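Protein chains: 2
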Amino acid sequence: MRLLECVPNISEGRDPDKIASIAGEVTKHKKVRLLNISSDRDHHRSVFTFVGEPEAVKEAALAFTLKAIELIDMREHKGEHPRLGAVDVVPFVPIHGVEMAEAVGIARELGKDLGKAGIPIFYYEEAALKSGRRELPAIRKGEYEGLNEKLEDPEWKPDEGPAVFSPKSGATVVGARFPLVAYNVNLKSQDLNLAKEIARKVRFKDGGFPHVRAMGVELSAKSGSASGGKEKRLVQVSMNLTNYQVTNIPKVYDFIETEALKHGVEVDGSEIVGLIPLAVLEGIARHYLKYPQFSTEQVIEQRILEFE
Amino acid sequence: MRLLECVPNISEGRDPDKIASIAGEVTKHKKVRLLNISSDRDHHRSVFTFVGEPEAVKEAALAFTLKAIELIDMREHKGEHPRLGAVDVVPFVPIHGVEMAEAVGIARELGKDLGKAGIPIFYYEEAALKSGRRELPAIRKGEYEGLNEKLEDPEWKPDEGPAVFSPKSGATVVGARFPLVAYNVNLKSQDLNLAKEIARKVRFKDGGFPHVRAMGVELSAKSGSASGGKEKRLVQVSMNLTNYQVTNIPKVYDFIETEALKHGVEVDGSEIVGLIPLAVLEGIARHYLKYPQFSTEQVIEQRILEFE
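So the protein lines, in turn, are chains A and B. Per our numbering, residue -18 is the first one in the first sequence, and the count goes up by one each step. Per our numbering, residue -18 is the first one in the second sequence, and the count goes up by one each step.
These are calculated hints, taken from the structure and not from any lab test. Keep in mind the model is a prediction, meaning the values are calculated, not measured. Keep in mind that a hint or two might mislead.
Since the list gives no way to pick out one identical chain from another, each pair is judged satisfied if it fits inside one copy or across any two copies.
Straight-line alpha carbon distances no greater than 20 angstroms define the calculated EDC-like cross-link-like pairs of lysine to aspartate or glutamate that follow [unchecked claim]:
1) Lys12 to Glu83
2) Lys271 to Glu252
3) Lys9 to Glu287
4) Lys182 to Glu124
5) Lys149 to Asp94
6) Lys271 to Asp(-2)
7) Lys12 to Glu289
8) Lys12 to Glu287
9) Lys271 to Asp235
10) Lys271 to Glu199
Chain A on its own, in the form it takes in the complex (with noise of 0.2 angstroms):
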């Protein structure tokens, strides 16, 4: 089974009627699997992320756009994240088997589709068709409110779509990226300066490894001690990592508990949240056990998964 990850991000985040209704276009399709549904009341916005085979991923990520555009007004939403539309991003992300070209197409395919539906379709991420449109933030300047404006700006002309303003649906991104790894190392010390400082050296834009986005954080944890659960303050590197196939978090690991340790500082755990593919363990196993030969398809489950 070659699978194929799609995590469209929509612009309702409090009617669990409307959500559920949505989620149905993807259940239905019954070679799709729907993993979560992440919805926020104060962003208003909910996360969905569905996978399977590429063209059974599409056509659930089609039916569940069109479902979304016709449940949600944008013209009574207000929510604290940035959003240009109804449906406000739709990436394709590749998991097994998939090579980045396919899901680039598989998102064209999909932006076509929906800019026929009369919706204005931006292209991003390894997507785009300008280098300007790579980054999402970039695209949603000025959000749904803006527009308008934005969109009789013939710099600002979809990708696909009319260039005309949709005050119900708004605009959409569609797009496809390598998968998010978000991934958290704690530090034994209350030195947030220490935790920022790592976090300069490890990110690229500062001269750091390529595809990690970091930052040095102060956070909480409640101590599992006998001293009676007494807070025990850490401070934490917090991290993205863009494309773990070139910057896994092997690299990141031990570079940070290098650099910890040359202040006296011992790392005290780390933490993955949210979802990752299984190739992310295979990186750990081939670095940690030198093993560079190690496949994905020793593991059982994964040979399973190929009968699929």
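Model the placement of chain B on the given structure of chain A, informed by the hints.
Relative to the frame of chain A, chain B by itself:
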């Protein structure tokens, strides 16, 4: 999807038609996946690996065994590997979401069915009913050629089926065990005694880690260097981890690395032979990332399997 594995060994390693015909009893089960067939001409023996929901695997194992018993005649069998019958041993192995007690129950169901079909059955390992029958070599002692005499000994009354020697089929050993992880660590050294010394320290019978068998061996590996494919001689600590939930790879890897470094020797690399359950990787991530809460539930591929 809960996963039980079955790894039957049969006394036929030469006739591809017979092997395919016996394998067909597994592949025709829609809910069981045949992952591997490994046949050895010299041993005149084949090992099958198949996996699926416990009840489906039990049904497939029964059909498989009856077909093998029909097609194999032990009176014509010569091979280097010790064996007791046409279907020599049928171990059930819990892989995911299955407790050992359930695997034992499945083994006993199969044993009863085969007993009724007239095959003397001995239960071994976790399914053993007598302490002297836990280990396969003890049961197999005397082999097929000594089975007639063995069955006349009240001490060796079968656990199921008649205490009657069937010259065509011999007897079958049925049981349940944990997944076996065949794991080797290569040392940058030609000192076989060092590998043997470390193997002694790591293996359980000499005071090492529980559920670890180990030996030191010499191996030759083609070096991938630019110097022209010169042979690089190394020594290896070769292990079987018979319960990775008690002693997983990181424990033995880190121990061997530390012991070797005491002699100024580095680890060259390591390797896993054959298939492993995903939970083995879970243990690797938990240890090396200092992330004890890490769960395979965070792996997309595992989440998909749960729909199947």
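Evaluation of the provided hints:
For the homomeric pair Lys12 and Glu83, the shortest alpha-carbon distance inside one copy (18 angstroms) is at most 20 angstroms, but the shortest distance between copies (31 angstroms) is not. Taking identical chains as interchangeable, the C-alpha atoms of Lys271 and Glu252 lie at most 20 angstroms apart only when they sit on different chains, with a minimum of 8 angstroms there against 22 angstroms within one chain. Proximity of Lys9 and Glu287 under a CA criterion of 20 angstroms is satisfied inter-copy only: 17 angstroms between copies versus 22 angstroms inside one chain copy. Proximity of Lys182 to Glu124 under the C-alpha cut-off of 20 angstroms is found in neither arrangement, the shortest distances being 33 angstroms within a copy and 65 angstroms between copies.
Taking CA atoms no more than 20 angstroms apart as the test, Lys149 paired with Asp94 passes inside one copy only; the shortest distance there is 18 angstroms, against 66 angstroms between copies. Proximity of Lys271 to Asp(-2) under the C-alpha cut-off of 20 angstroms is found in neither arrangement, the shortest distances being 51 angstroms within a copy and 41 angstroms between copies. For the homomeric pair Lys12 and Glu289, the shortest alpha-carbon distances inside one copy (10 angstroms) and between copies (10 angstroms) are both at most 20 angstroms. For the identical chains of this complex, Lys12 and Glu287 are neighbours both inside a copy (14 angstroms) and across copies (14 angstroms), given an alpha-carbon limit of 20 angstroms.
Taking the shortest alpha-carbon separations for Lys271 and Asp235, both the intra-copy value of 14 angstroms and the inter-copy value of 12 angstroms come in at or below 20 angstroms. With identical chains, the CA atoms of Lys271 and Glu199 are at most 20 angstroms apart between copies only, with a shortest distance of 19 angstroms across copies and 34 angstroms within one.
Of the hints listed earlier, those the structure fails to meet are numbers 4 and 6, in rising order.
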